[in-house]
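*Asks:* First to last, the protein sequences are chains A and B.
Sequential numbering from 1 applies to the first sequence in UniProt numbering.
Sequential numbering from 1 applies to the second sequence in UniProt numbering.
Among the hints, a few may not be true.
[Stated by the list, open to error] Derived DSSO-like pairs (lysine-lysine); straight-line CA-CA distance at most 30 Å: (1) K194/A x K71/B; (2) K96/B x K152/A; (3) K131/B x K152/A.
[What the hints assert, rightly or not] Partner residues are not named here, just some residues of chain B that face chain A (Cβ under 10 Å, in silico): (4) K47; (5) S51; (6) P55; (7) L67.
Because the hints were derived from the structure by calculation, they are not lab data.
Being a predicted model, the structure only gives us computed values, none of them experimental.
Virtual Cβ for every residue (Gly too), placed ideally from N, Cα, C.
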Amino acid sequence: MTLLAFTFLLAFLPTESASSKYLPKAAISSPVFGPRQVYGLLNGSVTVKCFYPPTSVNRHDRKYWCRESATGCMTIVSTSGYTAPGYKGRASITDDPQAESFQIHISELTMADAGTYQCGVGINSRGLCHKVSLDVSKGPHVPEGAELFYVKLHSTLTMSCSFGKDYESWRKFLCKMEKKGCRNIIDSYGNVDKDYTGRTLLSNEDLPGSFSVVITQMGWEDSGLYLCGVGVYGEKGETKELDVHVYEESHVPQGKPTIIGVKESSVTFECRYDSLKNSSKYWCKWRKNGCARIIDNSGYVSPLYEGRVAMFDNPDNKTITIILNQLKDSDKGYYWCMTDEEKEQQSSTELEIIDGQPGLKGEKDVEVQVGSRVDLTCSYPCKYYSYQKYWCKWGGISCTPMPASDQKQPGPDVTCDTDNKTVILSFDSVTKSDKGWYWCGVKRNGLWGETMAVQLRVTEGRNADHNLDVLNVDNPNPAESGFIPQGRAYSDAGVDSPAASESSDQSPNVSTISAVSVAGAILIILAAAFAVFKYRQLKRSDLVSIGSYRTNISMSDFESGKEYSATNNACVKETQETQIGGDEFVTTAAAPESAAETKKAKRSSKEDADLAYSTFLLTSNSIAQGDARGDSAAPDVSPPNWEG
Amino acid sequence: MKSSLLLCVALAVSSGLILVAGDPQDSENKEHVLVNNKCQCVTVTSKFVPSKENPDEEILERNIRILVPLKARENISDPMSPLRTTFVYRMTELCKKCNPVEIELGGEIYQAQQSTSCNEPETCYTYNRDKCYTTTFPFIYHGETRDVKAVLTPASCYAD
Numbered sequence: 001m002t003l004l005a006f007t008f009l010l011a012f013l014p015t016e017s018a019s020s021k022y023l024p025k026a027a028i029s030s031p032v033f034g035p036r037q038v039y040g041l042l043n044g045s046v047t048v049k050c051f052y053p054p055t056s057v058n059r060h061d062r063k064y065w066c067r068e069s070a071t072g073c074m075t076i077v078s079t080s081g082y083t084a085p086g087y088k089g090r091a092s093i094t095d096d097p098q099a100e101s102f103q104i105h106i107s108e109l110t111m112a113d114a115g116t117y118q119c120g121v122g123i124n125s126r127g128l129c130h131k132v133s134l135d136v137s138k139g140p141h142v143p144e145g146a147e148l149f150y151v152k153l154h155s156t157l158t159m160s161c162s163f164g165k166d167y168e169s170w171r172k173f174l175c176k177m178e179k180k181g182c183r184n185i186i187d188s189y190g191n192v193d194k195d196y197t198g199r200t201l202l203s204n205e206d207l208p209g210s211f212s213v214v215i216t217q218m219g220w221e222d223s224g225l226y227l228c229g230v231g232v233y234g235e236k237g238e239t240k241e242l243d244v245h246v247y248e249e250s251h252v253p254q255g256k257p258t259i260i261g262v263k264e265s266s267v268t269f270e271c272r273y274d275s276l277k278n279s280s281k282y283w284c285k286w287r288k289n290g291c292a293r294i295i296d297n298s299g300y301v302s303p304l305y306e307g308r309v310a311m312f313d314n315p316d317n318k319t320i321t322i323i324l325n326q327l328k329d330s331d332k333g334y335y336w337c338m339t340d341e342e343k344e345q346q347s348s349t350e351l352e353i354i355d356g357q358p359g360l361k362g363e364k365d366v367e368v369q370v371g372s373r374v375d376l377t378c379s380y381p382c383k384y385y386s387y388q389k390y391w392c393k394w395g396g397i398s399c400t401p402m403p404a405s406d407q408k409q410p411g412p413d414v415t416c417d418t419d420n421k422t423v424i425l426s427f428d429s430v431t432k433s434d435k436g437w438y439w440c441g442v443k444r445n446g447l448w449g450e451t452m453a454v455q456l457r458v459t460e461g462r463n464a465d466h467n468l469d470v471l472n473v474d475n476p477n478p479a480e481s482g483f484i485p486q487g488r489a490y491s492d493a494g495v496d497s498p499a500a501s502e503s504s505d506q507s508p509n510v511s512t513i514s515a516v517s518v519a520g521a522i523l524i525i526l527a528a529a530f531a532v533f534k535y536r537q538l539k540r541s542d543l544v545s546i547g548s549y550r551t552n553i554s555m556s557d558f559e560s561g562k563e564y565s566a567t568n569n570a571c572v573k574e575t576q577e578t579q580i581g582g583d584e585f586v587t588t589a590a591a592p593e594s595a596a597e598t599k600k601a602k603r604s605s606k607e608d609a610d611l612a613y614s615t616f617l618l619t620s621n622s623i624a625q626g627d628a629r630g631d632s633a634a635p636d637v638s639p640p641n642w643e644g
Numbered sequence: 001m002k003s004s005l006l007l008c009v010a011l012a013v014s015s016g017l018i019l020v021a022g023d024p025q026d027s028e029n030k031e032h033v034l035v036n037n038k039c040q041c042v043t044v045t046s047k048f049v050p051s052k053e054n055p056d057e058e059i060l061e062r063n064i065r066i067l068v069p070l071k072a073r074e075n076i077s078d079p080m081s082p083l084r085t086t087f088v089y090r091m092t093e094l095c096k097k098c099n100p101v102e103i104e105l106g107g108e109i110y111q112a113q114q115s116t117s118c119n120e121p122e123t124c125y126t127y128n129r130d131k132c133y134t135t136t137f138p139f140i141y142h143g144e145t146r147d148v149k150a151v152l153t154p155a156s157c158y159a160d
């Protein structure tokens, strides 16, 4: 039969080569995680903490600690109440479902206790276990083990490392252990590994010599042993071990890691937040040595993004929508949704810019005189026919809706092709305060879609007004603390070069000297405005300052572009699986390691109906799917969802 | 004696195919999961390994692991059904992708089915840990026989 199966398998195997669309091996390794190595002192004690994905079945299932031997893994202690004879009174196991972990404590260690153990969930060592080796020494002190990080797939990992004041000015780095050495992930000199570009940041912390590294969008490949350190790996300085394990709890909808935007058009980013707390949330563009703040929920907008970016809060589904329009090639890059809270989920999204036609069209720069009538038009293509259309006035960090009229013809015989697909925002009499940015956009089912920004300039036709504008803006600025964006919007409009040149065009009656002096004054004002502008920018942008000089880093750090396959799937080894008994399918004879267990009867009951009485107690629960009809009771086909 | 009680047989098959083209960056040490079917206990992984005959070449090594639950019943939800004696593994079905993918067409996201015939029920040889399996059995109490519902997988059946 086996032979038949082989030939069958080989004949049908598709000849595709392994590519990135397939999950790495780490994805099917055991989701149970703990220390790889623990150290204990002779006659002392040791505590091992193992983590498991907090699914319902995992929280209720048996947890065990067993010792590997030639015949299998012999249970030492388990949450079903069993303790092996030699360990009575000195081994205990505590499950903490809230903390998604369980702890094993062994005291009165002897030299004979050194060896390989497993912590696991379930009734056998298949799939849900983690190998731990215990080292017992006479002392006087024991080595410190690696710090453990148990990270949900696609979430954010924050690691802190502290090495003391002496190392304050040293190079700081994070590297990942691989076969050929330690691959540099990020360092304080601005080097970032290509696999981590856009999703990692290194920042100094308040305490001298300490820093933290944030990695977003943790993937399966990111599991493994990392080292954070000061100096150069293998040469000088100090390092600390960080053991990272990625697990999957369930299939949660994921924000797309890459968004493609059409030049001149707009893109919509969604940021998810875990807590409802009113923490400071901001959106920034990733750079190698920091994240430059673009917009935040306290009212700040980077001057470079005037009129282009807006933030909409949707507290109901704990998301924030950010729209960026007037896209240009330089917008390409990585954008991060950030919060000041440590535990919050941060996310990074890559933006790619492609050439193409924006969906929404209209005149994007409108200039009118005070008191005149103006219509801002926005025509949309048929793909937005069923969408909700709106006009809004950009200001602060948001965009305030304005009443607009859709030129759509009512009636049954009107189709999209024949209809007038235009939305108009009308001003009967434009006033000075109407100037600014207006956005035309589409929306569907509460989701924000494409937008188009129109700049409305209001002139009075007289020369002096522009100068006044600029002055008006400059004077109140330093005093104003919270409301820079609005002010800058005006200063921007006033300082803009078209406005300036136009002002000199419109002054034919002024003599040459006064023209020169006016030009000089404008120049000075421009310079002053620019200085204030730059100062603000420096002050407000969220830059993490890191030494900007470069140094030699051994090239071996960069050569290794591959991963270690996760080594913590050791207990899924084929040899062990055949050796270890104790399976769901055991009916009469239990596996060697579980034979002594008091819970044997309960486990065997799975197949024997007459022993099902113990489980009968559970019947009061709302148990669905109880019918024992033929094959229809087979579980749904969704293999990646399953645990173990 | 003990070995006769072993339930699962692990099979590891390595098939060597000569690599035609491959990115050396990707190929090293990266083992990919082609199939991970927990319903029938099959995993298929593949990775590139240096060829023994020609060190300059890399060959694709494919590892197929099948755990055969020898004490499984014909119908895993019915403990009274006979022991399963035939285990059929159809690679075409195991390699089928039935999870929908999101694709973007003209700025809009659509769900796309990756395969046809994804609605056919699959015969499982083992339990899904996240699912509660129950059965009924006759229970005689004071001479009266009642059909009582019983749980086959207690840990998976908690209501929370």
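*Asks:* Each of the hints needs a verdict: does it hold here or not?
*Replies:* Each hint tested on the structure:
no.: 1; hint: K194/A x K71/B; result: 49 Å, violated
no.: 2; hint: K96/B x K152/A; result: 27 Å, holds
no.: 3; hint: K131/B x K152/A; result: 22 Å, holds
no.: 4; hint: K47; result: 7 Å, holds
no.: 5; hint: S51; result: 15 Å, violated
no.: 6; hint: P55; result: 17 Å, violated
no.: 7; hint: L67; result: 7 Å, holds
Hints 1, 5 and 6 from the list above are not met by this structure, while the remaining hints are.
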